[in-house]
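Chain order of the listed sequences is A and B. Counting in numbering that gives the first Met the number 0, the first sequence runs from 0 upward without gaps. Counting in numbering that gives the first Met the number 0, the second sequence runs from 0 upward without gaps.
Hints are supplied without guarantee of correctness; some may be wrong.
No copy is singled out in the list; a pair is fine if it fits within one copy or between any two copies.
[Stated by the list, open to error] Pairs of lysine to any residue residues, derived as SDA-like cross-links and limited to a Cα-Cα distance of at most 20 angstroms, are as follows:
hint, residue 1, residue 2
1, LYS177, ALA85
2, LYS141, PRO222
3, LYS141, GLY70
4, LYS177, PHE270
5, LYS177, GLY70
6, LYS224, ALA113
7, LYS141, ALA234
8, LYS177, THR272
9, LYS224, ARG42
10, LYS177, GLY255
11, LYS224, ALA359
12, LYS177, GLY266
13, LYS224, ARG310
14, LYS358, GLU110
15, LYS358, ASP333
16, LYS141, THR341
17, LYS358, ASN194
18, LYS177, TYR193
19, LYS141, LEU11
20, LYS177, GLY353
21, LYS141, ASN275
22, LYS177, THR65
23, LYS177, THR77
24, LYS358, MET265
25, LYS141, ARG13
Derived by calculation from the structure, the hints in this document are not laboratory data.
There are 2 protein chains.
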Amino acid sequence: MSVPAPARSSALERHREDALFAFCSAALAAAGADAASAEAAARAMLHGSRFGVDSHGVRLLDHYVTVIEGGRVNGHPTLDFRAGAAAVATLDAGHGHGARAAYAAMDRAMENAALYGIGAVAIRNSSHFGAAGAYALAAAEKGFIGLAFCNSDSFVRLHGGAERFHGTNPIAMGVPVKGEAPWFLDMATSAVPYNRVLLYRSLGQSLPPEVASDGDGFDTTDPHKVEMLAPLGAAFGFKGAALAGVVEVFSAVLAGARLSFDIAPMGGPDFGTPRNVGAFVMAMKPGAFLPEEEFDAAMQRYRHTLRNSRRAPGDIVMAPGDREWRVAEERRRDGIPIDPATAEAFDRLAERFGLTRPKAV
Amino acid sequence: MSVPAPARSSALERHREDALFAFCSAALAAAGADAASAEAAARAMLHGSRFGVDSHGVRLLDHYVTVIEGGRVNGHPTLDFRAGAAAVATLDAGHGHGARAAYAAMDRAMENAALYGIGAVAIRNSSHFGAAGAYALAAAEKGFIGLAFCNSDSFVRLHGGAERFHGTNPIAMGVPVKGEAPWFLDMATSAVPYNRVLLYRSLGQSLPPEVASDGDGFDTTDPHKVEMLAPLGAAFGFKGAALAGVVEVFSAVLAGARLSFDIAPMGGPDFGTPRNVGAFVMAMKPGAFLPEEEFDAAMQRYRHTLRNSRRAPGDIVMAPGDREWRVAEERRRDGIPIDPATAEAFDRLAERFGLTRPKAV
Numbered sequence: 000m001s002v003p004a005p006a007r008s009s010a011l012e013r014h015r016e017d018a019l020f021a022f023c024s025a026a027l028a029a030a031g032a033d034a035a036s037a038e039a040a041a042r043a044m045l046h047g048s049r050f051g052v053d054s055h056g057v058r059l060l061d062h063y064v065t066v067i068e069g070g071r072v073n074g075h076p077t078l079d080f081r082a083g084a085a086a087v088a089t090l091d092a093g094h095g096h097g098a099r100a101a102y103a104a105m106d107r108a109m110e111n112a113a114l115y116g117i118g119a120v121a122i123r124n125s126s127h128f129g130a131a132g133a134y135a136l137a138a139a140e141k142g143f144i145g146l147a148f149c150n151s152d153s154f155v156r157l158h159g160g161a162e163r164f165h166g167t168n169p170i171a172m173g174v175p176v177k178g179e180a181p182w183f184l185d186m187a188t189s190a191v192p193y194n195r196v197l198l199y200r201s202l203g204q205s206l207p208p209e210v211a212s213d214g215d216g217f218d219t220t221d222p223h224k225v226e227m228l229a230p231l232g233a234a235f236g237f238k239g240a241a242l243a244g245v246v247e248v249f250s251a252v253l254a255g256a257r258l259s260f261d262i263a264p265m266g267g268p269d270f271g272t273p274r275n276v277g278a279f280v281m282a283m284k285p286g287a288f289l290p291e292e293e294f295d296a297a298m299q300r301y302r303h304t305l306r307n308s309r310r311a312p313g314d315i316v317m318a319p320g321d322r323e324w325r326v327a328e329e330r331r332r333d334g335i336p337i338d339p340a341t342a343e344a345f346d347r348l349a350e351r352f353g354l355t356r357p358k359a360v
Numbered sequence: 000m001s002v003p004a005p006a007r008s009s010a011l012e013r014h015r016e017d018a019l020f021a022f023c024s025a026a027l028a029a030a031g032a033d034a035a036s037a038e039a040a041a042r043a044m045l046h047g048s049r050f051g052v053d054s055h056g057v058r059l060l061d062h063y064v065t066v067i068e069g070g071r072v073n074g075h076p077t078l079d080f081r082a083g084a085a086a087v088a089t090l091d092a093g094h095g096h097g098a099r100a101a102y103a104a105m106d107r108a109m110e111n112a113a114l115y116g117i118g119a120v121a122i123r124n125s126s127h128f129g130a131a132g133a134y135a136l137a138a139a140e141k142g143f144i145g146l147a148f149c150n151s152d153s154f155v156r157l158h159g160g161a162e163r164f165h166g167t168n169p170i171a172m173g174v175p176v177k178g179e180a181p182w183f184l185d186m187a188t189s190a191v192p193y194n195r196v197l198l199y200r201s202l203g204q205s206l207p208p209e210v211a212s213d214g215d216g217f218d219t220t221d222p223h224k225v226e227m228l229a230p231l232g233a234a235f236g237f238k239g240a241a242l243a244g245v246v247e248v249f250s251a252v253l254a255g256a257r258l259s260f261d262i263a264p265m266g267g268p269d270f271g272t273p274r275n276v277g278a279f280v281m282a283m284k285p286g287a288f289l290p291e292e293e294f295d296a297a298m299q300r301y302r303h304t305l306r307n308s309r310r311a312p313g314d315i316v317m318a319p320g321d322r323e324w325r326v327a328e329e330r331r332r333d334g335i336p337i338d339p340a341t342a343e344a345f346d347r348l349a350e351r352f353g354l355t356r357p358k359a360v
């Protein structure tokens with residue numbers, strides 16, 4: 000049942016969140032981002048680093064500097080909201096940073112939800128926004144149910160498929176729980192994230208079965224042979240592929256953004272051409288459906304009952320987000336670990352931009 | 000990769016859809032349902048029977064008669080919509096039939112989507128509504144993106160869990176595709192539906208691994224030992240359990256309905272007490288986000304590309320709904336097969352209510 004944990008990180012240098020935020024936003028500004036873009040991108044990266052989603056944490060700083068300097072991402076975007084009806088809008092993000100667009104879109108969705116009970120914004124002409132959970136959680140922290148989706152360049156096959164078709168197309172949702180940390184989900188619709196394949200490769204271990212395929216769509220457990228990921232569900236992968244489709248419809252079709260299989264690879268080599276990645280955010284106001292105290296009591300009871308429910312011998316039961324909140328608490332206490340490649344990028348960026356490189360705690 | 004197909008049904012009696020609809024609605028009316036409830040319940044059952052979801056097809060007629068006569072379901076409900084904001088509402092279904100409530104709720108959601116771009120209705124004091132896909136498809140057939148969720152009595156364990164916690168909590172979505180059959184998803188968030196366990200039991204076959212558990216939460220492939228279903232995802236069942244949670248938050252917490260683990264079993268023995276099952280429907284108007292012709296072109300291209308994408312040797316690739324549309328075409332041609340227990344129930348209900356029993360084609 001269990002999935003191997005990420006590699007031990009005790010030997011890595013560790014940093015305080017505020018120091019990382021200051022450094023990341025300063026480096027992005029130096030690379031050409033306006034204040035709002037630098038702040039949004041740093042905030043999204045720190046979401047990843049805070050909750051242990053290190054693939055979407057400050058590791059991305061170097062990449063974001065590259066794409067802003069290269070021209071793929073516009074550091075000074077004009078955000079253009081167009082509303083064909085009162086409670087929804089489409090945001091043309093002007094090829095700005097995905098986090099700049101998605102936080103602004105969620106702000107608009109929350110404004111609409113406050114007025115109409117629900118609000119949604121589809122985002123086009125955007126770029127990589129990091130972890131989808133950042134935007135869902137931003138809504139939950141303000142008392143709204145938040146949903147966030149995005150597509151990305153293809154890396155996941157269909158059920159029965161033998162080519163990269165969907166992106167890892169995540170589904171994120173945040174739900175406020177009065178007086179407690181929000182209920183909080185952020186999951187790829189692929190069986191595993193690609194960074195897990197890289198982890199197994201570096202560990203010299205075999206992958207679990209039915210999570211990844213070779214170039215002909217055959218399952219492989221050899222991380223070196225992986226050419227695409229499998230959709231969530233193994234033998235029932237038609238469900239994972241369909242969920243990726245849900246995300247694709249909202250993030251690309253409804254947004255007028257590029258379909259996943261039309262998006263240029265995130266990893267280059269072209270860092271100069273905008274990619275028109277899509278996304279979608281939604282907010283709902285619980286108090287528009289029922290008295291807030293009823294919602295609060297039911298949500299508290301639901302999660303409390305879940306956490307205390309009967310577990311299989313030797314196993315554990317957690318609510319969505321519980322693992323992330325635990326990691327956040329550990330990292331608040333011990334600092335955020337930085338992998339060696341990211342530490343080296345920090346050295347390089349500090350040198351280039353004349354910034355003070357954050358000191359390990 | 001493949002999942003065994005349902006048992007061959009060539010020896011079963013087959014019926015025309017219109018004859019089944021007439022008989023089902025007449026039997027429900029005779030049992031005490033008002034015209035709107037009888038029509039809605041029959042329509043929902045025929046959705047199941049048309050698309051091959053026979054567990055949620057006309058097989059349910061006998062059950063619905065039982066619960067209307069028993070008093071669990073109110074055959075003459077007053078539907079009470081309450082709106083705390085313009086684009087959303089909560090529907091108190093008055094313990095009526097779930098299909099009566101859900102079709103009415105989706106009509107309201109579509110009205111709101113026509114006005115505001117998006118509309119949502121959370122449903123409380125409802126009952127079993129059949130296949131969630133019926134309501135998502137109803138929206139798609141009118142040009143809206145439709146979503147439908149519901150909870151139900153617990154039968155699915157958590158990841159690592161050893162008790163029934165969530166219902167099979169389905170996610171359904173329909174998307175209009177101009178000039179073509181809608182894109183159409185209806186999936187349980189459990190690994191398999193319970194009727195698949197019953198099928199394997201009747202076939203004397205072993206279940207696939209990691210889809211069901213015994214009473215202690217240990218995986219079992221013996222269909223006779225199944226006490227609960229596993230969440231979708233096997234080793235990554237935390238994702239399936241989280242998706243069940245998404246459905247639970249919308250259908251129960253936000254609706255003010257009962258949580259799955261508080262709902263009395265669908266199968267009785269108490270058929271006299273309302274169960275307060277919850278549900279949630281949402282509709283979105285594509286034209287409120289982007290010009291409809293852009294949406295139509297992107298949706299057509301997305302599905303066309305999917306259907307024609309590269310497949311693994313010996314495998315097939317289908318878009319969500321493709322299997323259902325194929326079954327619907329076969330059944331339109333050959334008639335809808337009725338299992339022996341349902342045929343016997345038809346005999347009994349025709350006799351009791353003085354109705355003409357539908358003739359096999």
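Hint numbers not upheld by this structure, sorted from lowest to highest: The structure breaks hints 1, 2, 3, 4, 5, 6, 7, 8, 9, 11, 12, 14, 16, 17, 18, 19, 20, 21, 22, 23, 24, 25; every other hint is satisfied.
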